[in-house]
Structure formats: structure tokens, C-alpha cells
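**Q** Single-letter residue listing:
There are 2 protein chains.
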Amino acid sequence: METIGSEQRDLLRTTSSEGCGVERTLKVLDGKWTTLIVRELLSGPKRFGDLRTALGSPSAKTLTDRLRALEHQRILTRTVYAEVPPRVVYRLTEEGESLSDVLYAMLRWGEEHPLTDD
Amino acid sequence: METIGSEQRDLLRTTSSEGCGVERTLKVLDGKWTTLIVRELLSGPKRFGDLRTALGSPSAKTLTDRLRALEHQRILTRTVYAEVPPRVVYRLTEEGESLSDVLYAMLRWGEEHPLTDD
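The listed protein sequences correspond, in order, to chains A and B.
Here the first sequence is numbered in the working numbering, starting from 10 and rising by one per residue.
Here the second sequence is numbered in the working numbering, starting from 10 and rising by one per residue.
Next comes chain A alone, as it looks inside the complex (with noise of 0.2 Å):
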């Protein structure tokens, strides 16, 4: 994917603070945690302990709060399989898999500029 032209770089530019889709935007990745579930998630539908694994072990009260706000949001389901123990699954809802552009370009970004010890 190249990067931006001129005009789209110009439409970033002149958009209004009032309203902007970028703070609409942040009102869903309102931070790293909830951009590292979607992340997860790209990747298929998983279990509360595989997300908790595979994001580091954030607290279970934190990694609850935001799949909640985040299934509010409509970004991912919450689907509880009646089994013995119940099994819980969350997966992306469509809105949620078009966030894969925003997390491409975050990801492009990352690895073309990684971090320097200096």
C-alpha cells in the first residue's frame, strides 16, 4: 500500500476539530489495550484466557472493561455456548473487521519506524 497523496493529506489537513473522523475514531480505540483486542481478533474469534495469553496478561477486570465497551460499541459479540463449564467467545462484528485499515496503517508505521536505543 503507498503512501497518502497530496489530497488526501489535504483532507487531514483542513478537517474541522468539531466532529472529526479521527476523534470518532478514538472514541473506539480509546487506547492500547482495545486496539490490541481487535488485533487479537483479526485473527478469529477467541476465548477470554487466549485473548488474556495473548495480549500479556493485562488484569482481568481491565481486559473485562473493554471487551464490554467494545461490545457496546458494536465492535465485537459476546457469544456464551451453554456448555459444562459455559464457553464464552468473542469475535468481530463487520464493523469491527473494517478497523483492519487503521490497524495496517499503525502496523506499516511500526515496522518502518522502529525504536532506537540512542
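Treat the hints loosely; a few may be bogus.
Since the list gives no way to pick out one identical chain from another, each pair is judged satisfied if it fits inside one copy or across any two copies.
[To be verified] The calculated PhoX-like cross-link candidates involving lysine-lysine, where the alpha carbons are at most 25 Å apart (straight line), are:
1) Lys41 to Lys70
2) Lys55 to Lys70
3) Lys36 to Lys70
In short, the hints are calculated from the structure, not lab data.
Fit chain B to the given chain A structure using the hints.
**A** This is chain B only, laid out in the frame that chain A set:
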């Protein structure tokens, strides 16, 4: 800009958590204010007061902290002009400018998924 292809999607899906580019980007764009500061500076260098007004008046401490962190990460520069009173101007570095791809993806997603009240 069209949506990402299946190849890029696969890349995103198979990237390991460890040292992922997404996490690197999140070390820079680590919150709402930081992201909005970069968005504001994409339209050109700005003074502290201009930034504060444009962002809807975050506290001076919050804005100062975020600006220092971004300066430390070489996303922006802080230039003091020896006038009376001194004029302090913040501008994006080349690395900071390159975040426009990420910001544009966020802008686009936000515009395509407006907040609904239901």
C-alpha cells in the same frame, strides 16, 4: 484509497504480538490527546496556545506532558524564538509527518462509521 487487500490482512493476522508494529505505533499514539496533537500539527507549526484552543482546552499540564513525550520520541520539535515574550513553536518532524497515513485511516473509518444514537 481503497481498502486493504487480503495479503495485507493476512500480514496483520499472522504478525506475532511480540514486537508487533502496532504496539510500536501505540507507544507514540498512546492516547486521545497525543493523536489529536499530531492531527493538529499536520496542518502546520503551531504555538502552545493555538494547540490548546484547537484541542478543546485540555489542561496545560496534560498538553505539556504530551508535547514533551512527543518531542522525546522525535515526532515533533519545540523551537523557542528569542522574542519578548518568547515565542515557542511546535512542528512535526519528518517522522511525525509520516504518521499522516495512520491518521488518515482513522479519519476515513470515523467518517464511514458515524456515531448513532440508538
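**Q** State for each hint whether it applies.
**A** Hints, verified against the model:
1. Lys41 to Lys70: both (15 Å within a copy, 22 Å between copies)
2. Lys55 to Lys70: within (17 Å within a copy, 40 Å between copies)
3. Lys36 to Lys70: both (20 Å within a copy, 22 Å between copies)
Going down the numbered hints, you'll see the structure goes against none, and every one checks out.
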